[in-house]
Every structure is written in structure tokens, then in C-alpha cells.
Amino acid sequence: MGDFNEITYGFEKQGRRIGPVRQMTEFRNALDGCGLIDLGSRGPWFTWETGNTPRTNIRERLDRGVATSSWREIFSNCEINHLSHSFSDHCPLLLDTNLGVTRKRTKFPFRFESSWCMEDDCEEEIRKIWTNCDLDISGKLNAVSEGLTHWSKNTTAAWFKRTKELKRKLDKLNHRDPTSSNLEDLILTKLDLNLEINRKEWKWEQRARENWLSYGDRNTAYFHKIASQRRKMKEIKGLEDQFGSMVNDDSGIEAIATGYFDQLFHSTVSGSPHQILAGIRSVITTEMNTFLLRQYTSEEIFKAIQSMGPTKAAGLGNYPSLTWKSVWSAKALLATGLQWKVGNGRKISIWNDGWLPMPGNNHITKTDVSISASFVADLFIPIERKWDIEKISNLFDSEEATRILSIPLAADEHEDELWP
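Going by the working numbering, the final residue of the sequence shown carries number 1429, and the count climbs one at a time with no gaps.
FYI, nobody ran anything at the bench for these hints, they're computed from the structure. It cannot be assumed that every hint is accurate.
Said to hold, decoys possible - Straight line, CA to CA, 27 Å or less: simulated DSS-like cross-link-like pairs of lysine-lysine:
| hint | residue 1 | residue 2 |
| --- | --- | --- |
| 1 | K1173 | K1149 |
| 2 | K1178 | K1149 |
| 3 | K1312 | K1246 |
Unchecked claim - Label-pair ranges, simulated between beta-carbon atoms:
| hint | residue 1 | residue 2 | range |
| --- | --- | --- | --- |
| 4 | E1249 | T1165 | 40 to 48 Å |
| 5 | W1139 | P1118 | 55 to 63 Å |
| 6 | Y1269 | L1347 | 47 to 55 Å |
| 7 | A1313 | D1143 | 35 to 43 Å |
| 8 | D1130 | P1391 | 52 to 60 Å |
| 9 | K1312 | G1060 | 46 to 54 Å |
| 10 | H1372 | L1286 | 54 to 62 Å |
| 11 | D1130 | D1271 | 51 to 59 Å |
| 12 | S1123 | R1051 | 31 to 39 Å |
| 13 | H1283 | W1139 | 53 to 61 Å |
| 14 | E1155 | T1077 | 38 to 46 Å |
| 15 | H1283 | Q1251 | 48 to 56 Å |
| 16 | W1139 | N1163 | 14 to 22 Å |
Even glycine gets a Cβ: it sits at the ideal position worked out from N, Cα and C.
Model the full assembly from the supplied sequences, consistent with the hints where possible.
And the structure:
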């Protein structure tokens, strides 16, 4: 199935003169000699087109699907569809074997799709959910993820509707005569369809984990193959056991696979691993290992993040990442929403940082700042890892003192941590 770059009969071409009859005859003879039968198709008759004016327009049926009679017996209900296209001169072919196989839908965790940034109302939707939600920052984030998931379904449904309408219009135009007016409508419809397809290219790019759009043609088969393989669920219909019998049930397949790999990786030879390792050439030098194990700096992290492409991991380049842009945009929100989790108390300013437990304001409200205590660690009884109840009662009102004393202190000393 694909582009054979040849037609079988003259009626499979429209525009200009027909090629040599001998070539068409040899192509038909080659198919007959291999026992291949044309599977037919649904959709537009011609699969290849060039030329945007009536004088230069040429259409041919170069792409087709063929199979042997034995294959047809196995897939008796198969069907090839000629799909609407706007980004290539060839028509995509879709083979439907109609096996009726259904797959379980897997629920994936929430992921923000970079393609949503192309939607005009995405930012407004996030802002609306955030402002209308009377919860802490963790609850707001959950509300945004749920709201965006629902919004995305509606947006995707609208996108499919627009795309379907454009494809339907494209089908009608492909069946019309190549007049100047029809070809003009055809070109404009293809452009509109390409604009809709471009909205989803960021989604494919994000799933492919590489910025292929920067290096090659958009919507290439290889590009989509990479993205699709990340989501493709490989199914094993059955396995043959050691007695030559086919096992189709899940438990039987699992037992055969487990037994095979247990035997494959089971060692029956005893010996020291040093004998094996001695024959392996060392590639990492001591200097290289020291460099790899050294402590990274905040400057290196900042440089790596800034070098990231909008939707890929850090690497060479100078484009700021979408993640970095988002974090920077939310800097003010993070500053007000994050809360300290008390560890050793040495990093947390009593009067300036948010560290009181919810619900309520996580900052100390007292304006008469005491110079006797600056950090939360100053409110501990030295060595004992306990709150100094007397000092806390003297410095704070009863409500804030109660909230402070409700914070549990771990027996082992650890760093203070920021939490949403």
C-alpha cells in the first residue's frame, strides 16, 4: 500500500496526455504476476494532484492498496479510505481491517499541553478558574487541572468539528472540475485546514520530545510516527508454549513470558564478577568521573533552563523554555502562595515569611516586631527540639501562639522546606 508512481489504465489520469501504454501494461502484468489484486477505495478517486490553474492541473491515481487472495480471505472486511489532505500533493491512505478490536482506555495523569497556549481563551480560562476558587494554592491547582481538562475536551471537540467541516468541503472541491473558481476555493480551503492542523502540531511536538518542527517539513510521517509510538499499546494476542500449543489467555501468556525470561537470565555458572569486569575496557577516566560527580551550581541550572527549547529538555540553543516562562510569570503568585514547612527553623524569618499552618493567614500579623527572635529556630528550646512555650506566649497573641504550637517538630533535624 502506497505510492506506486504508475497508473494501470488511462482513465486513472486527468489533465495533459496519457503516458506510454506499454508502461501501464507492464505495471498490470507485474501486479498479476505477483498475484496482487487492487483493494479498491472510498473517497476521492485521484490520489495525486499538481497545478493550481485549469491549464496546469493534473490528477492521477498513483497511490493504491493491493493484496493477495489469501490475505483478502483473512481480512475480508478491509477497506481503504482516501483521506482529505492539505499539506501534500499525495492523498493519505487509511487501511481499516475492521477487526472489531477494542482497547481499554487508560486514564493518564494531568499534563499541560503546550498547544493550549495557541488558544485565545486559555489564559482567560485559567484566570477565571483561579479567581473563582476559594481554596488554598494546592486546591486551586487541582481545580485548574480539572477545569482545563474539561475545557480541553470542549476545545478539542470544536477543533474536530471545524476540521471535519473543512475536510468535507475539501472532498466536494476535489470531486469538482478543475476550473479557476474551484481551484481557488480548493487552495483557500487547504490553507484554512493547514491552520487548524498547525494548532495541533505543538501537541505532537510535545509528545515527540524533540523540536522536529524546527528542522524539517511539518506533519511528516516520521514526525507522527515518533509521537504515536509513545502512546501505542503493543498487544500480544498469544504465545506458543514449550509443547507447541498456542496460549491466548492473559494468565497463560504471563506465565510463559515469566518462565522464558527467568530461564534466559538465570546463571548456571558460578564465578566472580571481577573476572567478567576485567575484560571490559574502562571508558570513564578518574578525572571525568570526578567532573560528573561534582556538585552543580545554581548558575549552571539557570543556564541549562534558559537554553531549553519551548517544549524540550535542556540542550544547546538560546530559546527560553515554556516551563521557565510559566514559572517566571507566576513568580508573584508563588511568592504569596508558597508556605514554609518547619525543619530546623534557621531559614524561616518569623516576621517576613509565611509559615503558620492553614487555615488562615500564614504570616504573623503582629506589627511590633521583637528583636529577641528573628528566625523560627529562635523559638525552640536549645538542643531539646521543643517549642519554647513561654517565649511564644509572650511574643504572640493566643490564636497565633496556638497555631505555632500545633506545628509538629521532627525528632531528627532537617532543612526547612517550601511547600505549596
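Taking the hints in turn, this is what the structure says about them:
| no. | hint | verdict |
| --- | --- | --- |
| 1 | K1173 <-> K1149 | violated, 35 Å |
| 2 | K1178 <-> K1149 | violated, 43 Å |
| 3 | K1312 <-> K1246 | violated, 48 Å |
| 4 | E1249 <-> T1165: 40 to 48 Å | holds, 42 Å |
| 5 | W1139 <-> P1118: 55 to 63 Å | violated, 20 Å |
| 6 | Y1269 <-> L1347: 47 to 55 Å | holds, 51 Å |
| 7 | A1313 <-> D1143: 35 to 43 Å | holds, 38 Å |
| 8 | D1130 <-> P1391: 52 to 60 Å | holds, 56 Å |
| 9 | K1312 <-> G1060: 46 to 54 Å | holds, 51 Å |
| 10 | H1372 <-> L1286: 54 to 62 Å | holds, 57 Å |
| 11 | D1130 <-> D1271: 51 to 59 Å | holds, 55 Å |
| 12 | S1123 <-> R1051: 31 to 39 Å | holds, 35 Å |
| 13 | H1283 <-> W1139: 53 to 61 Å | holds, 59 Å |
| 14 | E1155 <-> T1077: 38 to 46 Å | violated, 52 Å |
| 15 | H1283 <-> Q1251: 48 to 56 Å | violated, 36 Å |
| 16 | W1139 <-> N1163: 14 to 22 Å | holds, 19 Å |
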